[in-house]
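Q: Using the sequences provided together with the hints, build the complete structure.
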Amino acid sequence: MSVGEEVRTEQTKPQQSLGTAAARNLATTTKSVPQMQEISSRWLLRMLPWVDVQGGTYRVNRRMTFTVGDGRVTFVKTGDRVEVIPAELGELPALRSYEDEEVLSELATRCEQREFAQGDVIASFGTPNDEVYLLAHGRVEKVGTGPYGDDAVLGVLADGAYFGDRALLDQDAIWEYTARAATACTVLVLPRQDVEQVAERSDSLREQMEQRRSATEEHTNDYGEKEIDLSAGHSGEPDIAHTFVDYEARPREYELSVAQTVLRIHTRVADLYNQPMNQTEQQLRLTVEALKERQEHELINNRDFGLLHNCEYDQRIQPHAGAPGPDDLDELLSRRRGTRLFLAHPRAIAAFGRELNRRGLVPETVDVAGNRIPTWRGVPIFPCNKIPVTEARTTSILAMRTGEEDQGVIGLRTNGIPDEIEPSLSARFMGINEQAIIKYLVTVYYSAAVLVPDALGVLENVEIGRWQ
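Counting in the numbering used here, the final residue of the sequence shown is number 1154, and the numbers go up one at a time with none missing.
Source of the hints: derived by calculation from the structure; they are not laboratory data. Mixed in with the good hints there might be a few duds.
In silico lysine to aspartate or glutamate, DMTMM-like type, Cα no more than 25 Å apart, as pairs [to be verified]:
{"id": "1", "residue 1": "Lys-1125", "residue 2": "Asp-1140"}
{"id": "2", "residue 1": "Lys-1072", "residue 2": "Glu-979"}
{"id": "3", "residue 1": "Lys-1072", "residue 2": "Glu-1146"}
{"id": "4", "residue 1": "Lys-978", "residue 2": "Glu-1108"}
A: What follows is the structure in structure tokens.
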């Protein structure tokens, strides 16, 4: 018999038992619950201490602080021409809260654009400081002299920063460091002489400058808070200092934000297809997971209360070499006491790991809820995929102290809302419409508050695409 005849015989051979395809019609299959790729670890929601907010609003009371400009300056680019947005000049200490648009526009037009190559000295230590520099693009190192005469990098500035702003309030100001371009830089320069010329014609600007000069003479501590006068180390019967603790007149209030959706389920599905899994429960479970993902995203990125946008400028630092290294995280830790956790995109954690490998360092790990989490200096580094990664493959790393007792970062929510299925999360039955559709309103209320500025720090512009 040939091979071809043997194959035909096998194909025409009658079936002797029940096939698996037909057998499945009588079998009960084993099924998984519906899976969802969007679900992440959501460490921020898990590690953030939550405070119950009554009345939907949380007020953060602080000591009186003399605000001296702590934001970033924004620019408009047209071709190779860069211009500062006039209102953004209000971020400078001397022009803080100044709102005369006409005067600000004139000051903006007096800003001169300058280009610096990598390594160029923008300002030298000890020379008169008579110009304000607005950094439109690039990185600038603040270089000082170390204790043994060598150069020491005191800090790194990036896009939107300004330096030399003392020139506007102090005619005798000198540069206390050398500003050196770490990369090619585009800088707008505002001379003090031009500001004085405008002030001669503008009563409002002249008054603003005088107020700011007097404000800098107020007795404040290192954090800008009004000093509490104390007596110490005295003997005999001298007059004891008199004092009081002043509070902010208009403290910030955080209103609870909301994420909502209307879940719709046909009654036919809910009635007939509820075994072995309850369709309503599974639909609700996945909807709640999506809401929690959005909740964490908003806690990171919301422009009103998100952590990335509520970190003070003096708590934002730049990596010294682009990639996140141990020195950068040490600098981040040094800005606050009692740092409880780092929060970083998984790619940033991988980039940090490459820097450790390059230096021959092995990070310790800690067990958190059954997960091995890497640490640095004993502080766990939790992954968070909600931290954005830019097209230039840069991202940020957050460090925070948490809890009301430690004046840290806290989450805000409200408990006891109607139809609550979890704290601050409810699923409210909305009825059945004419098309036999059951509707549920699924809602979660949340916000976050930074109790004092140094509770939160950010390492910005972290490069994650560098391989060495």
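Q: Each hint: holds or not?
A: Hint by hint, here is what the structure shows:
no.	hint	result
1	Lys-1125 / Asp-1140	violated (45 Å)
2	Lys-1072 / Glu-979	holds (9 Å)
3	Lys-1072 / Glu-1146	holds (15 Å)
4	Lys-978 / Glu-1108	holds (11 Å)
In terms of the numbered hints stated before, the structure departs from hint 1 and from no other.
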